[in-house]
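A.B. asks: Fit chains C and G to the given chain D structure using the hints.
Residue numbers (the UniProt record's numbering), protein chains in the order written: chain D, 1 to 263; chain C, 1 to 378; chain G, 1 to 259.
Treat the hints with care, as some may be off.
[Claimed, not checked] Straight-line C-alpha distance at most 35 Å; calculated DSBU-like pairs for lysine-lysine: (1) Lys190/C x Lys75/G; (2) Lys205/G x Lys261/D; (3) Lys320/C x Lys286/C.
Honestly, the hints are just simulated from the structure, not real lab data.
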Amino acid sequence: MAMFSQNPLMNGPNYSFSQTPSTAAAGNKEHSFYPYTDNGGSTLAISGNDFTIIAGDTRSTSGYNINTRYSPKVFKIGGTTSSQDDATLVLSVVGFAADGAALKERLDAIVKMYRYQHGKPMSVKACAQRLSTILYGKRFFPYYVTAILGGLDEEGKGAVYSYDPVGSYEREQCRAAGAAASLIMPFLDNQVNYKNQYIPGSGEGHALQEREKIPLPRNEVEDLVKDAFDSAVERHIEVGDGLQMLIITKSGIEEKYLPLKKD
Amino acid sequence: MVFVQVSPRLRFPSKFPKLSFSVKQFEANHVTGADLYFVASGIQFGHANQTRASGAWRAQAPDGCQTIGFKPSHHSITSTVVPNTFSTSIGTGYDLTNSVFSPDGRNFQVEYAVKAVENGGTSIGIRCKDGVVLAVEKVISSKLLKAGANKRIATVDRHIGAVSSGLVPDGRHFVSRARDEASSWRSTYKTPITVKDLASRMGGYLQAYTLYSSVRPFGITGIVAGWDSELELPVDGQVGSGPKIGSGGKVEGKKYGGPGLFMIEPSGQYWGYYGAATGKGRQTAKAELEKLDLAAGKLSLQDGVKEAARIIYVAHADNKDKEFELEMTWISSLDGPTKGRHEEVPKDILEEAEKLAKKHLDDDDDEEETKEDDKMEE
Amino acid sequence: MNHLPQAWGRPRDDVYGAYDHAYLQNGPKQHTQSPAVTGTSVLALKFKDGVVIAADNLASYGSLARFTDVKRLRKFADTTVVGFGGDVSDMQYLDRLLNSLDIEEAYGGSSHTLNAQNLHTYLSKVMYKRRSEFNPLWNQLLVAGLDGEGKPFLASADLLGTTFSSPSLATGFGAHLAQPLLRKVAFDEEAAAKLTVEEAVEAIKESMKVLFYRDARSLDKYSIAVVTKDGIDLKQDEKLEKQSWAFADQIRGYGTQIN
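Chain D extracted, bound-state conformation (with noise of 0.2 Å):
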């Protein structure tokens, strides 16, 4: 009750002046403002032997409305063109798209001023590194989002790397993100790394052998990310519009679009 709420040793009724010790913490002041938002949509990568696809859909979302139907999460990172088109590295984002746009240009600006410097491409490794040390530089203030970054390693092969908000990465076969990541991803470890696949009639139980593993062609990762975001755009209010897909090869990076439900 209000009347006992300043000192309650007092048990009275109480003043508007305060009577309760002035030592008592004053409690941290509740900022009412929040920095964040989500943006909605999903991202997908997956590597092969000789290439690596990002893919994202380009539905931006603010709760139920759509901001737009094209709003693009997949990037090329550090070219020293306006158009990029000599890039040879590719982040995605997703998340909260305002710290996604300010990740990618600082990322960005940093493989740029290495290729000055150095005057050779940053490996896929090293930026893998970089933005690790960049995400977690805002350990105390996160960008909101989850990162994939792609290429081709020294051996030429592809490398996909996946990161939390806070710079915790490593290097996968593939990875789904966004909002439609948990939709995505079991599809992935099932098609991809032939998850839960058998040779049928191979034993019981430990005895069952796993499909063997192959590297899957291109053709065939495209039409995966096309089924996968087909499904998810089935199931998840957030994705949908657009489909945005960075082929990285050693001759460059391709871009495709291809329309997504719009409902």
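C.D. replies: Using the frame of chain D, we list chains C and G on its own:
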């Protein structure tokens, strides 16, 4: 006994009275002599050419002494001695530092700054009834400079321009400060600065550079020109239209806003002008400006542009051996061609004005020739 | 009777409730935690040669219609119109910021001016910086004009620094009510590129009307601007035309009617 400094660069004007005598005692870097006073600058050596020496010498005089230049030979110094009764105060030491008055109440550093202005390309401003024109004679110092580049007239705020004669970098700093003043005025008062207020701020700024020994005065005379809006302006960022009767405080029949033209000198002195001129050709330009009867307030901006171009060409006539470019900007009234903004005079109008200016000069030459011819005939 | 002299004549908590000392506490530096005087929706639609943008002339103080003559469309350098939703004082701050930017641009002397795309990039960085300082400018902005190639440009930036671009955009209530109507006439860029200025203006005016019907923080006086390569045509004292409240008596579920 006085310390002697080597100074190989001395070159003195020869108009000062000279006395010469020699000093027998000269030991290394020290000179003794009861009647000898020593120099910094301003005086030519008496017989410098009669003595063989590797370079000119310069001596720092003790406080209160006058100074001379002198040259050493093997065992003597032939030199010019300036008596204490010398008629000018230059060379007394009072001109060596800023902020110090001479006994007759002058600040020599400021006067030297004025000399720098007098060597600069001519700048003028004309205050017309419906706008202001600025023009400058940009002397071409190298054929390698791109024509039309390296502008000398600057925009200070939307409605104000500035130009200067003298040391160009000082002029740039002048403009930079003027922009800061205009911008800070806006952020304080949420309204554009008037030309008069800007001139006042800049006058104060330049004056401060006469007060300290750690700085030197500006080597420029600046001209600021602008148009103060004749209409009631919305406050910057204003959101509604306010009461229909306006903000009030207006005097019936009084005219608000209009053209402004001010000239600010190295001393910080500034006046408002109908026509302002500074730089090398200022005398000629002022004479021409006076002929225009600007105080009558009849001259239109369009005519002002033509007059400005003509005056720059006339003023340049005394400096004919050097090529120049004419740069002109203007600020019109709100219903005029620039809508109260400071802009470059459009190329076609500028070229037309230059054509007329050249024609005018040619006509003048012809006139003189005919006069001479007449005389010949007589 | 209370024996504490300092309590005499003071409002009693059991009568007036506990006294709120919050205003006395000089805690950490305070930033805007919520907007005060606000503007509602801004609408904009691209068409063949440019962009149409509109916002009403109301600034509300909570539910009070506080200022009814507030111009929320701001011109920049005769090339761009910025429409402001949200806090009005932050709008004024941004307007002055853009003003000083325009003056600084004129220092250069060249006739090049910032286009709408440049301005949007600038504004979004200002907004993102301020949100990152926990001191946001409480606005959602629409930037309408032309891009570097002279094509129609329309994009949004908000208090979080989020940005996006679309053939039609609407802020606040308009995102719910007007955006569907605008998307009917300009579903995608191709459709917008076929619209005439008349069609675009008509669609915007119709949407403004619907907003006035349903948004309690809206007004029937509004500003509308058409931005093309020929410049800005800004009208600031428009009235909604041909209103029809015939739908009103069909509404059920509010008020006192029985059936």
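A.B. asks: It remains to establish, for every hint, whether it holds in the given structure.
C.D. replies: Hints, verified against the model:
1. Lys190/C x Lys75/G: holds, 17 Å
2. Lys205/G x Lys261/D: Given pair Lys205/G, Lys261/D holds - Cα atoms ~30 Å apart, limit 35 Å.
3. Lys320/C x Lys286/C: holds, 18 Å
Violated hints are absent here; each numbered hint is respected by the structure.
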